[in-house]
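2 protein chains.
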Amino acid sequence: MSIQSWSVIRRVRSYLWDTQKLSIKKQGLVICPVRHKHLPPKLVSQMFIKFGKMPEVSPFSSKSHELFLFRSVLYPCHPGGFHLLPLGQRVLDKLIKIIDQEMEMIGAQKLSLTTLAPKAVWSQSGRWESTGAELFKLKDRDKKEYCLGPTHEELVTDMVRDLYLLKAAYPLKLYQITRKFRDEAHPRFGLLRGREFEMKDLYTFDRTLENARNTYDIVCNAYTEIFKRLDLKVIKAEAAVGNIGGSLSHEFHLESEVGEDRVYKCLQCGHVANAEVTGMNDEKKPFCSKCGSNKLQQLSCIEVGHSFLLGTKYSEVFKAAYNQEGVGKSWLEMGCYGLGVTRLLQAMVEVNCLETRLKWPKVVAPYQVCVIPQKEGFMSYDLFNDAHRLATELNNMDKLKGEVFMDDRIKRSIGQRLWDMKNLGIPYVVIVSSLDEGRMTGMYELQDVYKDQVYMLSECELIETLNLFAKTV
Amino acid sequence: MSIQSWSVIRRVRSYLWDTQKLSIKKQGLVICPVRHKHLPPKLVSQMFIKFGKMPEVSPFSSKSHELFLFRSVLYPCHPGGFHLLPLGQRVLDKLIKIIDQEMEMIGAQKLSLTTLAPKAVWSQSGRWESTGAELFKLKDRDKKEYCLGPTHEELVTDMVRDLYLLKAAYPLKLYQITRKFRDEAHPRFGLLRGREFEMKDLYTFDRTLENARNTYDIVCNAYTEIFKRLDLKVIKAEAAVGNIGGSLSHEFHLESEVGEDRVYKCLQCGHVANAEVTGMNDEKKPFCSKCGSNKLQQLSCIEVGHSFLLGTKYSEVFKAAYNQEGVGKSWLEMGCYGLGVTRLLQAMVEVNCLETRLKWPKVVAPYQVCVIPQKEGFMSYDLFNDAHRLATELNNMDKLKGEVFMDDRIKRSIGQRLWDMKNLGIPYVVIVSSLDEGRMTGMYELQDVYKDQVYMLSECELIETLNLFAKTV
Chain A
2 MSIQSWSVIR RVRSYLWDTQ KLSIKKQGLV ICPVRHKHLP PKLVSQMFIK FGKMPEVSPF
62 SSKSHELFLF RSVLYPCHPG GFHLLPLGQR VLDKLIKIID QEMEMIGAQK LSLTTLAPKA
122 VWSQSGRWES TGAELFKLKD RDKKEYCLGP THEELVTDMV RDLYLLKAAY PLKLYQITRK
182 FRDEAHPRFG LLRGREFEMK DLYTFDRTLE NARNTYDIVC NAYTEIFKRL DLKVIKAEAA
242 VGNIGGSLSH EFHLESEVGE DRVYKCLQCG HVANAEVTGM NDEKKPFCSK CGSNKLQQLS
302 CIEVGHSFLL GTKYSEVFKA AYNQEGVGKS WLEMGCYGLG VTRLLQAMVE VNCLETRLKW
362 PKVVAPYQVC VIPQKEGFMS YDLFNDAHRL ATELNNMDKL KGEVFMDDRI KRSIGQRLWD
422 MKNLGIPYVV IVSSLDEGRM TGMYELQDVY KDQVYMLSEC ELIETLNLFA KTV
Chain B
2 MSIQSWSVIR RVRSYLWDTQ KLSIKKQGLV ICPVRHKHLP PKLVSQMFIK FGKMPEVSPF
62 SSKSHELFLF RSVLYPCHPG GFHLLPLGQR VLDKLIKIID QEMEMIGAQK LSLTTLAPKA
122 VWSQSGRWES TGAELFKLKD RDKKEYCLGP THEELVTDMV RDLYLLKAAY PLKLYQITRK
182 FRDEAHPRFG LLRGREFEMK DLYTFDRTLE NARNTYDIVC NAYTEIFKRL DLKVIKAEAA
242 VGNIGGSLSH EFHLESEVGE DRVYKCLQCG HVANAEVTGM NDEKKPFCSK CGSNKLQQLS
302 CIEVGHSFLL GTKYSEVFKA AYNQEGVGKS WLEMGCYGLG VTRLLQAMVE VNCLETRLKW
362 PKVVAPYQVC VIPQKEGFMS YDLFNDAHRL ATELNNMDKL KGEVFMDDRI KRSIGQRLWD
422 MKNLGIPYVV IVSSLDEGRM TGMYELQDVY KDQVYMLSEC ELIETLNLFA KTV
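Going line by line, the protein sequences match chains A and B. So the first sequence is residues 2 to 474, counted in this note's numbering. So the second sequence is residues 2 to 474, counted in this note's numbering.
Worth flagging that the hints you see were computed from the coordinates, not collected in a lab. Keep in mind it's a predicted model, so treat the numbers as computed, not measured. Some hints could be false.
Identical chains blur together in the list; that is why a pair holds if it fits in one copy or across any two.
[Claimed, not checked] When the alpha-carbon atoms are kept at most 30 angstroms apart in a straight line, the in silico DSSO-like pairs for lysine-lysine are as follows:
#, residue 1, residue 2
1, 229, 95
2, 472, 402
3, 168, 423
4, 376, 98
5, 376, 168
6, 400, 229
7, 168, 51
8, 98, 296
9, 51, 320
10, 330, 51
11, 285, 51
12, 412, 168
13, 330, 54
14, 54, 320
15, 320, 412
16, 51, 314
17, 51, 98
18, 472, 98
19, 120, 140
20, 314, 400
21, 168, 402
22, 400, 363
23, 472, 400
24, 120, 145
Here chain A stands alone, though its shape is the one from the complex (with noise of 0.2 angstroms):
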């Protein structure tokens, strides 16, 4: 097939295009972004990302604190204080959703409670004394105190007291995600360890202990399917019960060396533990607290979760109870629950890359799939124009809804391209360029970035393939 009848069938292909509007100036290809009813795929040069070379890594931080300072995921604004760009707020909804839907499905209800915490209240439970310095506090134009909440145990047992609720009700599981504060000695690490944070943080209320110890299960097991979802090799760790009887608590780990946690394994049994239930932090020799072996390794880790059946501890300053004709008041034994969701968004991205590379969970990478069109030059205005069809196209199935986007910065190589996208994880490119010798007519390469594979396929197969192989929440 000649060259001419191949720019034919391209043009032929652009049905679609008119629903663009594509103008063209002097200068070159410049889409004009109108309202559409095909969601029209984002174009590199519109985007807020940055392109250059990494540089050396300090030894004072962390791979993915680097790559997400280089790779427009981060900027930095106050030490332990960063802003999120929109490559890293697409990760973030992501992660969001799919806390959600987990959520969800074992019947939690969200919420918001506010971030300035009455002093009155942090006083009640104690903590407003034994939290310390990590505490920020602050007074409003009255003089009347308040701290920026990190954690919510006060205000939501403070507000659950006041509901008379149906038994049915019970267990009641309310959780929200909003930005905590905390005032870190030393933040570090970019997200890992910050000052401001985005947290999930789910408490549940319960009648009876054992129902309670039900419910702790039932978002134990919540917290492993995330995990799951994400790819991520959860370690969960038998964390100390405390000063509170009976009472149960795990840490979620993922194993790293920029980890600041330590939790031991037990070599004979498998069991996880963190320091402080081996007696590692005593006099005394360490030992498994299941098996009783003394062969423990020792990991480092990242927490990014935690479990705790805090039992009736705030049920009681709060004076919340819940009331049973006949047999009267007992306190709602209570659980509380975080994940840590910007920790996690850099902790899951310094477990999996490169030195280079972010390397995301496929089903939060920022978008699915890049459409790279040939350089400008000979016949590049067809080939632009096909690649902006077909990735319209991609970008308005069921699946990829608004997970295509498009590198218009044809005065670059596409090799050059290329390798941006594969240092911003992207797990997809397409690449439509000119008729080689080695290339079929009508042929689109998909590089399966992650997998280091590629494969020439016809549109059909790319829509087929793309269909099979991209996640999406």
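Dock chain B against the given chain A, drawing on the hints supplied.
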């Protein structure tokens, strides 16, 4: 048809039931929440809703505020600070989805800026001092000062300065939807004048003033689109340009008696402007800025949005420039656009609600459909089963995914529960009750709450009708 065969029909219809694992306990009908393929409808007995009579409306507050407090939308925490309860959270999430969609349509990119804004940055613009007591200020453990961002012109411009974007990247439109803080002297009317609130703030950057004016129109149109989707009559009022020459400003209002803003409508040409523009605040006689007429009508309004062509006010301070080859540097022309999201959440109810009933713009109502089964008693088991099956089926329709719940408080009469659902502003109620003389076998009663109409429909018709009537984001 006999009652017996009617009951058989109901049984046969329960083919979906086995996926739901109904367990019948002695005290009644209880559904075990387990992980389902089909999303089961939520049950009112398990939902965070309090039902009860409204107290007398306090003259110091507004209808919507009272309704929000007594219809499980808000819980007060501190003056001007409210917890948003699950019903309200669902509405908020839908509002945010609509805003996100419309922002996406105009190519705006979402991000999150920090809440803590360093004093140094706010001093640079002069606003650390000029803002006054409304700014919440605090110190960290190293005595460094911050404010809780009430708006983010400083932080976003300070960041954009560091970027060297291509020409195609402009107009750059960056927005966030985050919690803002303002230490109001007199917080009141719930979310209408609060001290913590969710705001959407968009910042735009253009290379030239002409482009910036164009961007301004595009954003204002997107705002109009948002209000249109919410079925709200928005009043766009010309606002004073202040001391920044050549700038534009508009306020977006909802007309309401409790509104603390005043705008003036020209009875001759219909133009609307705020007090400053009409000269109402000066000693001169007020006049229409468009046609010069002095026949002006005063309207009480709630401001829900504003737009402002900022010019180079902040870009000069923070040295945010566009560097054009051959021409040199020019300061970026900025615009800022706010939308009070939680204020809108309440204002849209304030202008719509009835004395004791919430009324939402249908598209953002917390749920679209409530299914009410027969009161406990004769045949109630079959009808409860059928209602649950129907609710499950509706809840798994593409259009109604997650939008259907069931009022399982079967000790109460249908009428009582219908009344409760009307008070919550649920647009559609389906009643599954036993045969009585006026009703045909196999028919369901559909109540269109907002239109106050009742239909008797077969299951097929019911599904078709809801598919047509119900609105989802």
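Hint-by-hint comparison with the structure:
For a Cα distance limit of 30 angstroms, the shortest separation of residue 229 from residue 95 qualifies both inside one copy, at 15 angstroms, and across copies, at 28 angstroms. With identical chains, the CA atoms of residue 472 and residue 402 are at most 30 angstroms apart both within one copy (11 angstroms) and between copies (20 angstroms). Proximity of residue 168 and residue 423 under a CA criterion of 30 angstroms is satisfied inter-copy only: 24 angstroms between copies versus 54 angstroms inside one chain copy. Neither within a single protomer nor between protomers do residue 376 and residue 98 lie at most 30 angstroms apart by alpha-carbon distance, with minima of 37 angstroms and 37 angstroms respectively.
In the homo-oligomer, the alpha carbons of residue 376 and residue 168 lie at most 30 angstroms apart only across protomers (19 angstroms), although the nearest pairing inside one protomer, at 67 angstroms, exceeds that limit. In the homo-oligomer, the alpha carbons of residue 400 and residue 229 lie at most 30 angstroms apart both inside one protomer (20 angstroms) and across protomers (28 angstroms), since each shortest distance falls under that limit. In this homomeric assembly, residue 168 and residue 51 come within 30 angstroms of each other (Cα to Cα) only across copies, at 13 angstroms, whereas the closest approach inside a single copy is 55 angstroms. When the C-alpha separation of residue 98 and residue 296 is checked against a cutoff of 30 angstroms, the pair qualifies neither within a copy, at 41 angstroms, nor between copies, at 52 angstroms.
Taking the closest pair of Cα atoms, residue 51 and residue 320 come within 30 angstroms of each other only across two copies (19 angstroms); inside a single copy the shortest separation is 54 angstroms, beyond that limit. Taking the shortest Cα distances, residue 330 and residue 51 sit within 30 angstroms of each other only across copies (20 angstroms), while inside one copy they are farther apart (60 angstroms). Taking the closest pair of Cα atoms, residue 285 and residue 51 never come within 30 angstroms of each other, the shortest separation being 53 angstroms inside a single copy and 53 angstroms across copies. For the identical chains of this complex, residue 412 and residue 168 are inter-copy neighbours only, at 14 angstroms across copies versus 67 angstroms inside a copy, given an alpha-carbon limit of 30 angstroms.
For the identical chains of this complex, residue 330 and residue 54 are inter-copy neighbours only, at 25 angstroms across copies versus 65 angstroms inside a copy, given an alpha-carbon limit of 30 angstroms. When the C-alpha separation of residue 54 and residue 320 is checked against a cutoff of 30 angstroms, the pair qualifies only between copies, where the shortest distance is 25 angstroms, while the shortest distance within a copy is 58 angstroms. Taking identical chains as interchangeable, the C-alpha atoms of residue 320 and residue 412 lie at most 30 angstroms apart only when they sit on different chains, with a minimum of 29 angstroms there against 68 angstroms within one chain. Taking the shortest Cα distances, residue 51 and residue 314 sit within 30 angstroms of each other only across copies (25 angstroms), while inside one copy they are farther apart (49 angstroms).
Within a single copy, residue 51 and residue 98 get their C-alpha atoms as close as 27 angstroms, and across copies as close as 27 angstroms, so both meet the 30 angstroms cut-off. In this assembly of identical chains, the alpha carbons of residue 472 and residue 98 lie at most 30 angstroms apart whether taken from the same copy (14 angstroms) or from different copies (21 angstroms). For a Cα distance limit of 30 angstroms, the shortest separation of residue 120 from residue 140 qualifies both inside one copy, at 10 angstroms, and across copies, at 16 angstroms. Taking the shortest Cα distances, residue 314 and residue 400 never come within 30 angstroms of each other, neither inside one copy (46 angstroms) nor across copies (44 angstroms).
Taking the shortest Cα distances, residue 168 and residue 402 sit within 30 angstroms of each other only across copies (27 angstroms), while inside one copy they are farther apart (42 angstroms). Proximity of residue 400 to residue 363 under the C-alpha cut-off of 30 angstroms is found in both arrangements, the shortest distances being 14 angstroms within a copy and 27 angstroms between copies. Taking identical chains as interchangeable, the C-alpha atoms of residue 472 and residue 400 lie at most 30 angstroms apart whether they share a chain (8 angstroms) or sit on different chains (22 angstroms). Taking the shortest alpha-carbon separations for residue 120 and residue 145, both the intra-copy value of 8 angstroms and the inter-copy value of 22 angstroms come in at or below 30 angstroms.
The structure is inconsistent with the numbered hints 4, 8, 11 and 20, although it conforms to all the rest.
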